[in-house]
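Peer 1: In the working numbering, the protein residues as written are 1 to 377.
Hints are computed from structural coordinates only; laboratory data are not their basis.
As the structure is a computational prediction, the values presented were derived from the model and not from experiment.
Be aware that a few hints might be false.
As the list claims (entries may be wrong) - 27 Å max Cα-Cα, derived DSS-like pairs, lysine-lysine:
no., residue 1, residue 2
1, Lys286, Lys297
2, Lys297, Lys359
3, Lys321, Lys182
4, Lys48, Lys79
5, Lys274, Lys297
6, Lys357, Lys293
7, Lys357, Lys286
8, Lys354, Lys321
9, Lys274, Lys293
10, Lys72, Lys48
11, Lys274, Lys286
12, Lys321, Lys297
13, Lys321, Lys357
14, Lys286, Lys321
15, Lys48, Lys76
16, Lys359, Lys293
17, Lys276, Lys297
18, Lys359, Lys321
19, Lys297, Lys357
20, Lys293, Lys354
21, Lys321, Lys276
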Amino acid sequence: MSDAAAPATTAPATPALDLRFMQLALSLGRRGLGRTAPNPAVGAVVVKDGVILGRGWTQPGGRPHAETEALKRAGKEAKGATLYVTLEPCSHQGKTPPCIDAIIRSGIARVVSALEDPNPEVAGQGYARLRERGIAVEAGLEAAAAARQHAGHIRRMRDGRPQVLLKLAASADGKAGLLGRKPAGITGEVARARVHQMRAESDAILVGIGTVLSDDPHLTCRLPGMMEWSPVRVILDARLRIPLATSIVGTARETPTWVFTTPNASPVAEDILKAKGVEVFRVDGKDGRLDLKAVLKALAGRGITRLMVEGGPTVAAAFIKADLVDEAALFRSPNPLGEGIDVLEDLPLTALTKSPKLKPVASEVVGGDTLETFERI
Numbered sequence: 001m002s003d004a005a006a007p008a009t010t011a012p013a014t015p016a017l018d019l020r021f022m023q024l025a026l027s028l029g030r031r032g033l034g035r036t037a038p039n040p041a042v043g044a045v046v047v048k049d050g051v052i053l054g055r056g057w058t059q060p061g062g063r064p065h066a067e068t069e070a071l072k073r074a075g076k077e078a079k080g081a082t083l084y085v086t087l088e089p090c091s092h093q094g095k096t097p098p099c100i101d102a103i104i105r106s107g108i109a110r111v112v113s114a115l116e117d118p119n120p121e122v123a124g125q126g127y128a129r130l131r132e133r134g135i136a137v138e139a140g141l142e143a144a145a146a147a148r149q150h151a152g153h154i155r156r157m158r159d160g161r162p163q164v165l166l167k168l169a170a171s172a173d174g175k176a177g178l179l180g181r182k183p184a185g186i187t188g189e190v191a192r193a194r195v196h197q198m199r200a201e202s203d204a205i206l207v208g209i210g211t212v213l214s215d216d217p218h219l220t221c222r223l224p225g226m227m228e229w230s231p232v233r234v235i236l237d238a239r240l241r242i243p244l245a246t247s248i249v250g251t252a253r254e255t256p257t258w259v260f261t262t263p264n265a266s267p268v269a270e271d272i273l274k275a276k277g278v279e280v281f282r283v284d285g286k287d288g289r290l291d292l293k294a295v296l297k298a299l300a301g302r303g304i305t306r307l308m309v310e311g312g313p314t315v316a317a318a319f320i321k322a323d324l325v326d327e328a329a330l331f332r333s334p335n336p337l338g339e340g341i342d343v344l345e346d347l348p349l350t351a352l353t354k355s356p357k358l359k360p361v362a363s364e365v366v367g368g369d370t371l372e373t374f375e376r377i
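Generate the whole structure from the sequences, applying the supplied hints.
Peer 2: Structure, rendered in structure tokens:
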């Protein structure tokens with residue numbers, strides 16, 4: 001392929017317009033959350049003289065990439081235009097050609113990028129190649145917003161594990177369920193709909209075997225028309241106790257279902273689960289509990305970048321103790337439950353809300369409930 005020379009002039013722009021179009025690119029990128037793993041959910045916009053010529057976002061499965069989608073829509077009009085993109089364009093040959101090749105061929109005059117890609121195969125090389133071809137590159141606009149949106153990709157590249165979002169629901173008196181680990185409705189319909197949206201934006205959702213045994217959950221996205229957005233379902237089951245009659249096993253061929261267990265768990269049980277369509281992973285454990293870091297490493301190896309932990313009090317407390325919570329969403333009901341089980345097993349709720357590793361970032365009313373969100377400091 002021959003590279004076309006870039007125009008000598010750049011498209012006119014102002015800081016206000018740059019901000020507006022980058023925010024649009026971020027909005028477009030969010031459409032791919034939960035659908036593009038292992039690739040990041042990128043958004044891109046092609047603009048000339050204040051007119052949007054093409055928009056794009058990373059497609060399901062991670063390709064085509066956002067830049068090529070936007071450039072395809074812009075067509076020949078892209079010459080001399082500005083490309084706004086939420087992550088540095090890729091410069092390496094993967095399953096698709098490098099995005100910078102398409103950018104150079106298109107005649108784009110200027111690239112405004114929110115964030116350098118931490119992928120060592122890119123890591124500034126995309127910017128360098130574009131500049132070598134005479135294309136103006138400006139990086140860092142809306143970097144903080146882009147870092148939040150690409151947190152899963154960044155975490156996987158830098159730490160070798162997914163970004164972990166812990167979701168909790170607590171009654172007014174700090175309970176998560178009834179005595180005997182019986183399930184109880186804590187939050188209202190509006191909050192439950194928000195949880196399903198969070199599931200749709202995650203690559204995988206994780207619970208412990210205790211939640212499966214007590215609730216028999218589906219762990220799918222049940223918003224209208226969004227069943228196909230359901231994430232991979234991950235179950236922690238050190239002894240492979242998951243019953244074949246559960247909803248999760250019964251629908252394993254429809255929604256990917258992965259069970260993590262220890263090396264000494266029954267191989268017969270594993271074979272039976274595999275025959276039902278369940279994938280079984282064996283990782284080290286201790287005292288009957290799985291090594292969470294090993295679980296996360298295995299998930300990252302399978303391309304999971306955004307993990308939503310929705311398991312019960314035992315699993316939630318274990319992730320907090322292991323310092324593996326990067327974000328938290330705490331739904332609080334105004335109604336007490338009375339006697340029941342605490343939200344965090346053997347930890348006070350302040351282990352989350354007052355954690356020195358997490359900072360509160362927002363609080364909002366969701367129907368009749370309140371949602372408090374936290375991020376790693």
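Peer 1: Each of the hints needs a verdict: does it hold here or not?
Peer 2: Here's how the hints hold up against the structure:
1. Lys286 / Lys297: holds, 17 Å
2. Lys297 / Lys359: holds, 25 Å
3. Lys321 / Lys182: Holds - the C-alpha atoms of Lys182 and Lys321 are around 24 Å apart, at most 27 Å.
4. Lys48 / Lys79: Answer holds: Lys48 to Lys79 is near 9 Å, not above 27 Å.
5. Lys274 / Lys297: The hint holds at about 22 Å.
6. Lys357 / Lys293: Between Lys357 and Lys293 the Cα gap is close to 17 Å, so the pair holds against 27 Å.
7. Lys357 / Lys286: holds, 25 Å
8. Lys354 / Lys321: The hint holds at about 14 Å.
9. Lys274 / Lys293: holds, 24 Å
10. Lys72 / Lys48: Answer holds: Lys72 to Lys48 is near 15 Å, not above 27 Å.
11. Lys274 / Lys286: holds, 24 Å
12. Lys321 / Lys297: holds, 17 Å
13. Lys321 / Lys357: OK: Lys321 and Lys357 at ~11 Å, within 27 Å.
14. Lys286 / Lys321: holds, 15 Å
15. Lys48 / Lys76: holds, 12 Å
16. Lys359 / Lys293: holds, 22 Å
17. Lys276 / Lys297: holds, 25 Å
18. Lys359 / Lys321: Cα-Cα ~16 Å, so holds.
19. Lys297 / Lys357: Roughly 21 Å between the alpha carbons, so the hint for Lys297 and Lys357 holds.
20. Lys293 / Lys354: holds, 23 Å
21. Lys321 / Lys276: Violated. Lys321 to Lys276 sits at ~34 Å, over the 27 Å cutoff.
Checked against the numbered hints above, the structure breaks only hint 21 and satisfies the rest.
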